[in-house]
Structures are given as structure tokens and as C-alpha cells.
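Put the two chains together into one complex; each comes in its own frame, and the hints tell you how they fit.
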Amino acid sequence: MAEENTPKKPSGLSRMQRRNRRTFLRSIAVGVTVIGASVLGFFPVLKGWTKRLRPPGAIHEDEFLAACIKCGQCVQVCPVEAIKLGDLDEGFGVGVPFIQARDQACDFSCDAVQCILACPTGALSHDINKKEEVHMGLARVSRLDACLAQLGKGVKGAAREQGFMGRLRYAEIDRWVPIKVNDHPYDLDICDLCERVCPIEGAIVVKTVGTGADRFGYPEVMEKCVGCGVCEMICPTDPPAIVIDIRETWKAEA
Amino acid sequence: MLASLKVMLGMTPPRKPGQREYSPGARSLHNVKRDIQGKKERVAAIKAERDLDRSNKWRNRRWATLIIINLLFVLSFQFDVQLVEGALTASRVLGFHFADLNAALQVMLAYKVILINLVIGTGTVLIMWWLLGGRTFCSWVCPYHLLSEFAEKIHLWLAKANIVRDFPLHRGTRTVLYVVFALLAVVSGYTVFESISPTGILSRAMIYGPGLALLWVAGLLVFEVFVTRRAWCRYVCPIGLTYGFVGATAPVQVTYNLEDCLHEGDCRALCMVPHVLEMTKKGYARDVDVAVGPDCTRCGMCIDICPTNSLNFEVKGLKHFL
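Protein sequences appear in the order of chains A and B. If you want the numbering used here, it's the position in the first sequence, counting the first as 1, plus 4. If you want the numbering used here, it's the position in the second sequence, counting the first as 1, plus 268.
For reference, chain B alone in the conformation it holds in the complex (with noise of 0.2 Å):
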């Protein structure tokens, strides 16, 4: 757990563990996949029979939830229907109160007085996001996240035809803005970050109408093309790393299992935040079942495009009630 935190703040993941430290099924199956006769035929095979029906079942229920809780923002003010008023920083649903934690915790570092309504607001958010996974806010509910996934596909693309290179950057970083960020807001009392943060500036275009603040989500784009593969979201924006705190004991976590795994590394190779995935690399998984850490998106990519269902959806404790 704290291993896992550390990681998500910048740190490199563990090492390949030593042969003592696998638990008494995972030394016995990493063992036998040792022995195993033909792999690359078989991995091969199974690819192809995963290609020839490509599911991206996850991918499409995320797109339809992001885009439809957008819209209802949207919706909901063009046609005053009241189901959710505000934008993705703060908003009444149902009359409920909500507010973005991110954003609810720079006005209160900035503004320095702690406000009733926003107490509400955020403690109704915390729980959701707590048993949602924290980050699967990032994932489906952040309009960045899915104009940042058509750069990183065109980025890939051109990558492929060795037009641009990714040049990335220390994970790190995140970890330093957000001190540099919180500091800002205390010393300076305003909410520094609000003026840049792209879901903010997003959310209000797409309610309130487009201005010149999308120029910056563009520029940001841009630079994701052709320079740092999906650099805000992995290395810069601080609300990931505000629900990734709050995700760090969610009880929706994506998992892994060791045993059907053939270790190709299709999962991390598309992931946005792979350091999650390490377990995936042959001879790293500790133990035959593995919780992904907090930095997970809980977007379902890995899941949809791993072949041999090694890793999967799970909701923690909801097998003892079933």
C-alpha cells in the first residue's frame, strides 16, 4: 500500500523480486511458465484469435459516461431542467451539492475559511469517488482525459511513422507542482491552478460557451501530439493525484492474476500510467492475485485488450456477500 503511493508520487517501481519473495503459488507458477514448450507460437495464436474479435467493451462504456455526464451538465442548463446545475468544479445534483475536490481544496487553501456548503459538497464527493476508485474520475468523468486520448492516438500514430518521438518526462513532476500549486494558493490566495486547469476551463466551455481559455487546452493538446505523450495527465494535472489519494483504498480496483498471464505487455504498452501494470512483467508478480495501485484510472483498456483475461474488474469485499 504505502509502496504503491510512493510510486504513483514519482518513485521508480520495485525491482524484479528474488526467488524468496514470491508467495508459495506465484513461485510455483512463475516455475512452471519457465518450462513451458512453444510459447511464441502460442502467444501468437492466442493474439490472433483476441484479434479477431477485438472487444473494446470498457472503452465504450467509459466514452458513453463521460460524454453522457457532460451532457447532462450541458443539457441540464440549456433546457433548465435543474438535474445538474453548475459545472464539473461544483454543481447542485438533484439539489445535492458537489464539489470537485481539487478544485474545493485550492479555494480553501486559497480563501482560507472552511465553508459549510463546501464541507457538504466535498465530503458527498469523497465517498463517491472513494468507492467509484478515485481516479476513475480521471478516466470517466475529465473531458480532457478523453481529448487527450484522440492526441495520444494520433502521437502513437505518428510516432509509428517516425514523424515525432515521446519525450518523457519524471513522474515526479506531478508530485512537485502539486506542492508548488498548494503553496501558490496559500501564499498568493488565489486559486492559481483554476486559471490553467483544463477540465475547469472544459467543463464551463462546453456549458457556458468557448472562449479564449481553450487556446491553452489546445496548446496542451498540441504539445501531447508531438512532443510528451499524454504529458498532462501523467506528469502535470494535480486533480489526478487528489483522487488518487481518495483511490488508494477504493474498494473498485482493476486486478491481475498471475496464472493465464503470457507477459507480452500488450496492457502496458497502451496504459497511461504503465508503473501501475508493473506485476504484469514476467517474474514480477509477488503473488498470484494483484491489486493495480492507486494511479489507476480504472479506464478497462488493460482489460479489454488483454488476451487471456488476466486482468479484470473487482470490487473489493463483494464476494463475501455473494
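Isolated chain A (complex conformation) (with noise of 0.2 Å):
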């Protein structure tokens, strides 16, 4: 009957039939095209694209990712600043907090871990009470011959390029109010910058050796080093001679 009437159409299917074949096939369409869009998100993530130096208390990545509802609330409390949240380039990882701890570093200005408390899905472990018992990652000394203490250079001035705009915590200065490093001048014979400023007693010790001209010294990173990255920005070097490895654990030497 309907091949009579409609002799163009082979396919036998009435006017009805084929709007709504088109329709079927039209949202089946977008229906991928969305979950494809969304599944894009995968590779940044397992490609490693962006790893990210994470807030403190941060849970194991993949369940970090999971387990964050991207609200930010952590971003709003820290005083310095110094989260952010991911972008699109990083898959899974948009709106996810993380820290780049060259341009601003996680000082623990707030104390009491304030981005833990803000957390309202544990994604930053709760189980974290003070700055010790974080675990960020680990500092490493990636470019010795850089190293100013290890050319016996000394600092004079601000520790950073003109127009950086880091913020660390002074407590001979302001114990609660976060002051810019560079309008912090420093007076150093030898840089010892990285110990100096490290907010964990114990994690970092620049050892000197030698008198006179011949007086150089070595960073050396020690078992308590939570990996806040306060060391990393305000080395004076660029790129600076010591980085924080992310999620990285301390291993004796052998």
C-alpha cells in the first residue's frame, strides 16, 4: 500500500516511520558525541599530560579525582593562594585543585591544613592534622651546578625575578599575614634559601664546607620533606635548581 502511494520511497516506510527512524538515529548521534566528548577526558589522565602537585592531603590520585566534587572550597580559604583549579587540557582533572609551587608554593601560612577542613568529600584527607603528616611529594636537588650555595654565590636583594608575585609567611614579620618574597630582601654570603624558608624544621639542611673564598655549601634533603614546594619557588636560580618530585617518597641513599 505504501509503495503505491509513495513510489519515490523504497524503503516502504511512511512519513511518520521515517521522521522518526531520523530522530532514533539523530539522538543516537549526540548521545555519543556527548559520552565521546566526556570519555575524551581519559587521556590526559592516563597519558600523565598534566601531573599536578596536589593540595595537602591530597588521597591517591586516581581516587583524588574521584573522590574531589570540584567545589574549590579549598581555593577560597588558603592565604596565599596558592591552589588552582585544572582547566580542560587536564581531562578528569577540570576543576580539580592543584598548586604551582614555583609561582606561588604552599606555605602552611593557615596552620591548621585549612584546605583539609574545607574539603567536603575527604578528597583531602581528613586523616591529616598538621603540616608534618602531609605528604605532597619530594624536594630534589635537579640542577646541583646551578645550585648557588654550591658556587659559593651568596644573595643580595630579593630572592626572585622583578615582578614575581609569590607570598610566603615571615614570622619574625607578620606571623599571620603572608608578605610578597621579593619585598623580603635578603643579605646572604652563601645561599642557604631553601633551609632558610622551609616551613617543616629538619626537611632541608645546606651544609657548608670550606673557608674564605673556597666556602661553598650543598642542599640536602632530608625524611621529613613533605613536598610543599616552598624551597622550589624561591630558589633564586631559573629554572630553579631544586624541584619538588610529586607524589614521591623518600628512599635512604644506599
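Hint data in this document are derived by calculation from the structure and do not stem from the laboratory. Everything numeric in this text was worked out from a predicted model, so none of it was measured. Any given hint could turn out to be false.
Residues on chain A that point at chain B, a partial pick, calculated with CB under 8 Å [as the list claims (entries may be wrong)]:
(1) S31
(2) S42
(3) G95
(4) F96
(5) Q166
Quick reminder that beta carbons are idealized off the backbone N, C-alpha and C, glycines included.
Okay, here's the thing in C-alpha cells:
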């Protein structure tokens, strides 16, 4: 019957049926596209394109991405505004907090690990009560040949290049208000900034050897290091001579 | 109730009921309406009267609410007043935990650990949105809804000029995607949907600054302007379905009264979810008063446009107290 009336349409379907079929196919196309777009988020994560230093208390990376509800409450409480949120290029890391230590490290100015207290989902583990229990990574002297201490050089004036906006809390200036690193000039014969500004006592030690003009130092990272990245931020060489290995754990040297 | 849930999930709304299926009141009203003379002129006159003094009362209230709520998030962070901390996915309102139901669901499915703070936040929000009507969240809070409304206006304007045409999808698409996103979260262990949720992306962009993710949102809006009217809210967004379930038994509802209705269909033409307004078609209302189904976002646009005040907000059970 349909064939007689509509000779041009060999499928033998009525107008209604053809319209429904088109709608159905269109729905599948859109559905597949939306799911495809969402699943694209896998790639940056699997490939580790954007390995990020996470805020204090972050649980294992995979679980962290799952547990984080992407609300940014940790961003809001941080007194030095160290925490940023991931963008589209991070796939499932969209809206997930991270710290760019070279620009602004976590210096535990807040003392009580505010970001952990703010986290509504426990993606930043509430098991941690003080900064010494945090584990974000481990500092590593990556360019010993560039290290000022190693070269026997000191620091006069600002630690970082002009225009650097990073802030630190200096207990001797104001216990509660962080100030710009560059507003706090130094006058050191041998650079020991990484040890000097480290918020964890005994996490890094700059040992000096020799005397007079031959005097030089070398920084040594200790087991207590929590990987906060303040040393990476303060390091006057560019690129920094000391960096954080994200989520790395301490191994005693053999 | 069950039937309306099925319609929300994508089933075609029931056909026109037979004479026996009407309640006695509805039957006599339907019969009276059939015999009215000069109906066309009457509809034209009533509409002309409405257009003399068009009210956008509910739309204005809704836009104001939506903007104020989102502004509270932004200003609260800008000026560090700690009124509403966080973003739409999760927040603290005056210190109380709030969590978006869909975001919390995705986190629980992916992380598979029940988090006490999240349960508290979810419970608070569940009660709040159950009282206020579930999808009320969509039209009164969600920032994407507002942008999408503008995209829809452009789409309709272009359609009128015959430049674009609406390519509708099957409403069951959203239900399928809902299940797929839930399964993806469980299997992959990641909150897959959250990475493309325009609600979360927009909320964070406003509070913490814009990013590349806005390109995705822009792409969605372009699609809605040129291809499918209100594609995301109508056919995709799992947040809408989550809140739809929550609001299925909500006290705040839009209700329809058959008596004065002219059945001209202005309400269905502008409704984002017109399948909930099936009863406004001539001969479709089984009762004199019919509650609008759970997919309704309580946006109030049908109330604004109705020339005969046949659609109204109602708080169920309030009559008993007053």
C-alpha cells in the first residue's frame, strides 16, 4: 500500500516512521558525541600529560580525581592563594585543585591545614592534622651545578626575578599576614634560602664546607620533607635548582 | 504518578482519553466547551487583552533569583565574607554543608566510599529541593539554563526567519545517557560527567575565573542555536533527571485548571518540557485540576503567558493550613 502511494521511497516506510527513524538516529549521534566528549577526559589522565602537585592531604591520585567534587572550597580558604583549579586540558582534572609551586607554593601559613578542613568530600584526607603529616611529594636538587650554594654564591636583595608575585609568611615580620617574597630582601654570603624558608623543621639542610673564598654549600633533602614546594618557589636560579617530585616518597640513599 | 515518571524518562505521553476516562467534572466541562459559539473571536479577544499588558512576573523573579544566587557565590569569595563558599557542585552556606545531588552521586559512584560530610550536604540539599520542587534548581539556579534561554530566543528568531530548523531528539536520550554516565563513573572510577557539566564549568568560571572549558559550553550553545532547541537541558543533562526524581512528590507544583482554558497552546509553544503540558490540549485533561509532572522546572513561563490564568503555582497541602 505504502509502495503504491510513495513510489520514490523504496524503504516502504510512512512519513511518520521515517521521521521517527531520523530522530532516533540523530539521538544516537548526539548521545555518542556527548559520551565521546566526556570520555576524552581519559587521555590527559592516562597519559599523565599534566602531572600536578596536589594540595596537602590529597589522597592517591586516581581516588583523588574521583572523590574531588570540584567545588574549589580549598581555593577559597588558602591564605597565600596557592591552589588553582584544573582546566579542560586536564581531562577528568577539570575543576580539580593543584599547586604550581614555582609560582606560589603552599607555605602552611594557615597552620591548621585549612584546605583539608574545607574539603567536603575527604579528597583532601581529614586524617591529617598538622603540616608534618602531609605528603605531597619530595624535593630534589635537580641542577646541582646551578645551585648558588654549590657555586659559593650568595643572595643580595630580592630572591626572585622582578615582578614575581609569590608570597610567604615570615613569622618574624607578621605571624598571620603573608607578604611578597620580593618585599623581603636578603643579604646572604652563601645562599641557604631553601633551608631558611622551609616550613618543616629539618626537612632540608644546607651544609657548608671550606673557608673564605673557597666556602660553598650543598643542600640535602631529608626524610621529613613533605614536598610543599616552598624551596622550589624561593630558589633564585631560573629554572630552579631544586624541584618537587610529585608524590615521590623518601628512599634512604644506599 | 508512575505514568508521569515514565513520561519524564522519555515515554510518549498518554493519548487523548476516552469519554469514560474523564472525571464527571471534567466531562461536563469538555462537553460545554464543545458547544461554545464564536470561539475563534473569543480567543483572539482574550489574547489581545493579555498582550496589552504582558506580564513577565515569574520570569523576572526567576532571573533575579538565579543571578542573585550565582552572584552570592562570586561576591562571597571576592570579598571573603564566607556567606556562600564553594561552587554549585558543593558549598558551605553560612557554614552548613551543601552538595549538588548529581555531583555527589557521581562522586559516590566513582569513589565508592560514603563520606559523612557529603551525606550531610546531600541530605540538606535533598530536603530543600524536594520542598521547592526538584527541577526548580534548573530554571531558578543553574547558570547554563539562563544562557540556554537566550540561545533558545535566538534559535526561535532564526527559525521564524527560516534560517534554522529545530532538529528534535528522542527524549529517552537523557535516560540512556543518565545510565551510561552512572555506569562510566562506577566502572572507570572517575566522575566522567563532571568534566563536561556546563553547570559546574560555568559556576567555577564565574567564581574562580574563566578557562578553556568555557569553549565546551560555547559549543553547546552554538549547537542549541543552530541545530536542536534546548538540546542540553531537554535531552542530555543528568542533573535535570536527578532533580526530576527528587521533585516528583514535591509540594511546590504548577497546576492546571480546565475551566477557563482556551486550549490555544501558547504555553506548550514556549515550554522547555512541553510533554508535561499535555493536559492543556483540548480534551486531554482527565480532571478539572491536574498537577504538572516532575519534569517541570517550575520556571513559570506558562503561568506568565496563559491568557486565562489556567496555570498557577500551588503549594500542595497549604490550603489545609490556611
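Evaluation of the provided hints:
For A/S31, the shortest C-beta to C-beta distance to chain B is roughly 4 Å, which falls under 8 Å, so the interface hint holds. Because the beta carbon of A/S42 sits about 5 Å from the nearest beta carbon in chain B, less than 8 Å, this interface hint is met. Annotation: A/G95 was flagged as interfacial toward chain B, and the flag holds, the nearest CB pair being 6 Å apart, inside 8 Å. The interface hint given for A/F96 is met, as the beta carbon of that residue sits about 5 Å from the closest beta carbon of chain B, less than 8 Å.
This hint is violated: A/Q166 has a C-beta 25 Å from the nearest C-beta of chain B, more than the 8 Å allowed.
Taken one by one, the earlier hints fail for this structure only at number 5.
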